[in-house]
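Engineer: Chain residues, written in single-letter form:
Protein chains: 2
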Amino acid sequence: MGLTVVGSVAFDDVETRYGKVTRVLGGSASYSGVIASNFTDVNVVAVVGEDFPDEYMDLLKNRNIDTRGLKKTRGNTFLWRGRYSDNFARRTTIETQLNVFADFDPEIPDEYADTSFLFLANIHPALQLKVLDSMNANPFVAGDTMNLWIDTELNLLKTVISRLNMIAVNDEEIRQLTGKFNLVKAGRALQKMGPECVILKKGEHGAMLFHHDEMFFVPAFPLLQFKDPTGAGDSFAGGLMGYLASVGKVDMDILKKAMFYGAVSASFTVEDFSLNRIKDLTKSEIDERFASMQSYTSL
Amino acid sequence: MGLTVVGSVAFDDVETRYGKVTRVLGGSASYSGVIASNFTDVNVVAVVGEDFPDEYMDLLKNRNIDTRGLKKTRGNTFLWRGRYSDNFARRTTIETQLNVFADFDPEIPDEYADTSFLFLANIHPALQLKVLDSMNANPFVAGDTMNLWIDTELNLLKTVISRLNMIAVNDEEIRQLTGKFNLVKAGRALQKMGPECVILKKGEHGAMLFHHDEMFFVPAFPLLQFKDPTGAGDSFAGGLMGYLASVGKVDMDILKKAMFYGAVSASFTVEDFSLNRIKDLTKSEIDERFASMQSYTSL
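Going down the list, the protein sequences come from chains S and H.
For the first sequence, the working numbering begins at 1 and goes up steadily by one.
For the second sequence, the working numbering begins at 1 and goes up steadily by one.
So here's chain S without its partners, still in its complex pose (with noise of 0.2 Å):
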């Protein structure tokens, strides 16, 4: 059982209208699975350099999450140095340093090939699609992408699309993908694709899913502190993916609380920079969110 997540552990530099950060943890597989890690057990796949220091090796380890497949290998950790506009409508890349992410490729260790539920962060399709090749069982696999595999890997990631049970894709990235302006019938486009379950993230503003001819929202959970969106989608999608596998079942009901439990999870990351708010982050804290969620949204 279990959740299964592959993707980066990197350090970032980050830049928001409420301070700067420099070297700290960061990375898709971080974020996912430090939330997920409230929920289920969780296997991290990801490789760092000589340089990760031992106290972020440990804060994953506080979390009871399993690095056998956290390689460190010879070279630098991937490092993201980026900037937030005042208003965080704009994320400006300023450096990019892939180091020994370039030659990521990602092994599943045997103890996490019978995992039911599988997360693959925004990696090259290639590696995608060679982790799902490495599973035993047939999970239940979320995938991530990001418009650079759309513009120079299209026909591989659709590939991974079509065997994906589940998607996370912003507005942009929806619209280029099915070639529709409509997010409903881009989101019904989508699942033709391959994935019964569509999620749209809308940042600020929440996310959607569409899951067979079902459609629901959920809103992003209304903050009076907000300091660095870094982390908010892979979050999201350890929130959701995590309680997946907890209940390690999938229909429409788990689903809508799976999409509460992700924009909750969301919420406690962007409250601080880095990993600060969700690497303590209790159970009980989501669940009162949660329950806070549900006031906000139920008739």
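Treat the hints as calculated values from the structure; they're not laboratory data.
If a hint is listed, it holds; no wrong ones were tucked in.
A pair holds if it fits inside one copy or across any two, identical chains being indistinguishable in the list.
Derived pair list, reagent style DSS-like, types lysine-lysine, alpha-carbon separation capped at 30 Å:
hint	residue 1	residue 2
1	Lys279	Lys185
2	Lys180	Lys227
3	Lys185	Lys202
4	Lys20	Lys180
5	Lys249	Lys158
Treat the numbers as computed from the prediction; the structure is a model and nothing was measured.
Given the coordinates of chain S, work out where chain H should sit on it, guided by the hints.
Structural biologist: Below, chain H alone, put in the same frame as chain S:
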């Protein structure tokens, strides 16, 4: 009982990616009044010119709208000409001919003065004040405004706001009015300026309500067909206030339903240009979408 609406009845020339229309019926009082007529008795206070066609007047009368407060006067009807960008992110005003609206001096007919619900659409704050002073009863008042008045008539606008029960604003307006970037803080700050209800309009992302110390979210109703956002905000207000007037009192449970009715009402308006979709709209069509909206948002 019923709802009195004070605003504009206008000609619109509108261009969107889906087409172009000329001299169609528009204006805040038209949209909000026609929508509200699904819920309650509606009185309209507005002004049109001699060029205003019987066909448009009949459209309002056919909805059983009381038009004794809709004056026909010498000159031409207010005309707005605008264009929406391809992704609807920007609205460009190409021309505004105020015409008879420049001298609009709203007079509340005696028959309207006892109405217990009043919607002050976006007109000059001095006129909004005049209307407030004309009411016999102590109605529940919702007001709309725009950046222009925040820039040019801030003090007068603040006086109006202090006398409103509800205000509808978008994110730019609420930040400008309160000086707060965080939207939860901005909502709370705007409540302190007077209205116990603040509605944050988020366009295609729906709307958010602050009521006393509670909050509520409603998404925009998902549509397969979307042609023209003109009138969406006024239709939202019309559905919301029409429902409140039909119930005759205001509390959080009623407001939640009113937010649903607002969102659902707006969804019909934007399916076509002008009032084409809503002029023959029925309450049962509205209630059908209301039920769908529940399934889209409730666990």
